[in-house]
Amino acid sequence: MEDVPQIGYSEKVMDHFMNPRNVGSVENPDGVGRVGNPVCGDLMEVSIKVEDGILTDVKFKTFGCGSAIATASMVTELAKGKTLDEADKITRQDVADELEGLPPRKMHCSNLAADALHKAIEDYRERHGEGKEKAEEAAAE
Amino acid sequence: MIYLDHSSAMPVDERVAAFASPYLMQHYGNPSSLHTRGLVAKRVLEEARGKVAKLINAESPETILFTSCATESNNLAIRGTALRNNKAGMRVVSSAVEHISVINPMKELQKQGYAYDVVPVSPEGYVDLDMLAEMVTKDTVVTSVNYANDEIGTIERIRDVSRIVHEEGRYLHVNATAAAGRIPVDVQADGIDLLTLSSNDMYGPRGAAALYVRKGVKLQTLLPGGGQERGIRSGTENLFAIAGMGEAAMIAGREMGAEGRRLHEIAGAYLKDILMIEDAHLTGPATGRLPGHLSFRFGRIEGESILLNLDTAFGIQVTTGSACSSRTLEPSHVLLAIGLKHEEAHGSMIMMMGRSNTTEEVPYVVDAVRKTVERLRMITAM
Ligand code: FES
Chain Y
1 MEDVPQIGYS EKVMDHFMNP RNVGSVENPD GVGRVGNPVC GDLMEVSIKV
51 EDGILTDVKF KTFGCGSAIA TASMVTELAK GKTLDEADKI TRQDVADELE
101 GLPPRKMHCS NLAADALHKA IEDYRERHGE GKEKAEEAAA E
Chain X
1001 MIYLDHSSAM PVDERVAAFA SPYLMQHYGN PSSLHTRGLV AKRVLEEARG
1051 KVAKLINAES PETILFTSCA TESNNLAIRG TALRNNKAGM RVVSSAVEHI
1101 SVINPMKELQ KQGYAYDVVP VSPEGYVDLD MLAEMVTKDT VVTSVNYAND
1151 EIGTIERIRD VSRIVHEEGR YLHVNATAAA GRIPVDVQAD GIDLLTLSSN
1201 DMYGPRGAAA LYVRKGVKLQ TLLPGGGQER GIRSGTENLF AIAGMGEAAM
1251 IAGREMGAEG RRLHEIAGAY LKDILMIEDA HLTGPATGRL PGHLSFRFGR
1301 IEGESILLNL DTAFGIQVTT GSACSSRTLE PSHVLLAIGL KHEEAHGSMI
1351 MMMGRSNTTE EVPYVVDAVR KTVERLRMIT AM
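Chains as they are written, first to last, in the working numbering: chain Y, 1 to 141; chain X, 1001 to 1382.
Read the hints as simulated data drawn from the structure, not as lab findings. Hints may be right or wrong, so weigh each one.
[Said to hold, decoys possible] Pair by pair, the computed Cβ-Cβ distance ranges are:
| hint | chain 1 | residue 1 | chain 2 | residue 2 | range |
| --- | --- | --- | --- | --- | --- |
| 1 | Y | E100 | X | P1022 | 42 to 48 Å |
| 2 | Y | D94 | X | N1086 | 54 to 60 Å |
| 3 | X | R1230 | Y | D97 | 54 to 60 Å |
| 4 | X | E1108 | Y | G36 | 30 to 36 Å |
| 5 | Y | E122 | X | Y1116 | 45 to 51 Å |
| 6 | Y | K82 | X | Y1364 | 40 to 46 Å |
| 7 | Y | E126 | X | M1378 | 28 to 34 Å |
| 8 | Y | D94 | X | I1183 | 38 to 44 Å |
| 9 | Y | D97 | X | R1159 | 55 to 61 Å |
| 10 | X | H1264 | Y | D97 | 45 to 51 Å |
| 11 | Y | E27 | X | K1111 | 56 to 62 Å |
| 12 | Y | E126 | X | D1367 | 44 to 50 Å |
| 13 | Y | E11 | X | A1189 | 50 to 56 Å |
[As the list claims (entries may be wrong)] Derived coverage of chain Y by chain X (criterion: at least 3 residues anywhere in the stretch with Cβ under 8 Å from a Cβ of chain X; other residues may be distant):
| hint | region |
| --- | --- |
| 14 | 10 to 21 |
| 15 | 43 to 57 |
| 16 | 63 to 76 |
Nothing here was measured: the structure is a model prediction, and the numbers come from that model. Positions of the beta carbon are idealized from the N, C-alpha and C atoms, including for glycine.
Taking the hints into account, I'd like the entire structure generated from these sequences.
This is the structure we're talking about:
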C-alpha cells in the first residue's frame, strides 16, 4: 500500500481505530453510560467497574465512525486506573490531544466518548450513594 | 490495491493522455487566434465537439458547449434557462435524488423568488411519475432529473420523464454525469433539451465538461466575457482537457457495449456473495443498474468505519453515503429519499467498478468485506 495519510486522521487515531482497546461490556458493571449523538446519529456506550473508588475496568461499544471508535478506545485507556473524580475530569480535549488531534468536524465524536464515560460515573454514583460508599470504606477498615 | 471508487474519480485512459498531451506544450494555440497555431487549436476544439455530440447522438456539434466541470454545466443549464425564460414561468422542479450541483442552483433560484418543487422517488430511486406530472405545470421553466444515480445505481426512465415534462413544462435538463460513456444516451430519442456530461467521468482529464443545448433553447450567460462558446460561456478554452474529453467520449462510445457487459458480470459475482453476509442489503434497484455499480447497507455498523477498515487492512477503496463521512454530518439525501431511516443510511457502502477491475478480485474483496463487517459488529453498540 502507498504511504498516504488517512483522511486527516493521525497515526494514533488510526492505530486506535484498527486496534481498539477495551472493546465490549464490563461484566456486572458498576455503572453504564449510553449517549446518542444528535448530530450524526451515532451511539456510544461505556461501562465501568469500580473498586475502592478506582476505575479498575472500563469498556466501550460504539455505533460510529472511525474517530468514534478511536476516541472511545482512548477514553477507556485514559480512565482506567483513575479515581472517579479524576476520570470525571477527562475532557474531550484531553481525548483529542492524546490522539494527536482530530479533524475539526470530528471533535464531537470525542464529546460522545467523554460524555459516555461521565454518564457511567454518574450512573455509578446514583447506584452507590455517597453514604453507601463511606459505609463500604468503614467496613473495609 | 483494489480501486472500487470510480464514481469519485477515474484515471485518465492512456490513449486519451497520449492523444491530448501534445495540446499542453506543442499545440498550445488559442482557438480564437486567427494565425496557424490558433487555427490548429480551433480544429481540435471542433473535432472534440463532434466526438462529444456523437456520443449522445446530438443533432449537430454546435449543440455542444464546453465548460470546466459538471457543476458548471448544471448551473448553466438550470440557472441559465430559468433566468433567461422567466417570463414563461418562475417554477423549477427536480427529483429528490439529484446531485448537490443540481439541488444548490435550484435553491439559489428559490432565493430569487422561483418556486422549487422536489419530486419524490420510489424505494429503488425511480422518479415518481405521477408526482412529476402533478408538479410540472405550465409555469415550470426547467425540470432536472438525472440520467443515472451514481450513489444507488438507478437508471431513470428518462423517456417517460421527458414525455411528462413536455406535456406542460418547458425544458428538461438531464444530468448524465454518471451515465454518459457508460450506457447509451440519445438526446434526440430521449427528448432531452439540456444534458450535462463530464470528461473525468469517462476516463478523460479533469477540467472539461459539456452541456448539450438543443437548438432553440435560450440560455442566459453566467460568465460574460470574450464570447467563446457561442457567447454563452466565455473564457479561453482548456484545449488539453477538451481534446482529451473528445477522445474519451469516442473511446467510451466505441467500447461501452462490451465494457458494460463485462462490468455487469463482475457486479453479478459480487452481488450474490455480499448479500450472503448477515444483515446486508442492496440499495437501489435489483436489476437494470448502472453497469459495475453496487450499493449496499449493512445493519448496525457505520459506513466511514467500513471504508477506513477496507482501505487500511485490505487496500480496497470504496465510498460511502454515511453521515459521518459527509461534510455536514448529514446522511446522504439520496439514501433518505429512498426511504431509509437515519440509522439505516449509516451503514452504506458504494462500489463502482471500472476498466481496471476483474472477476479475479471478487473472492478477496468479498472476504475482506465480510471480515470488516464482522469486526465492526463486535464493536457496535446497536
Ligand atoms: S460518530 Fe459520527 S462522525 Fe463520528
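Hint by hint, which ones does this structure get wrong, listed from lowest number up? Hint 8 contradicted; others consistent.
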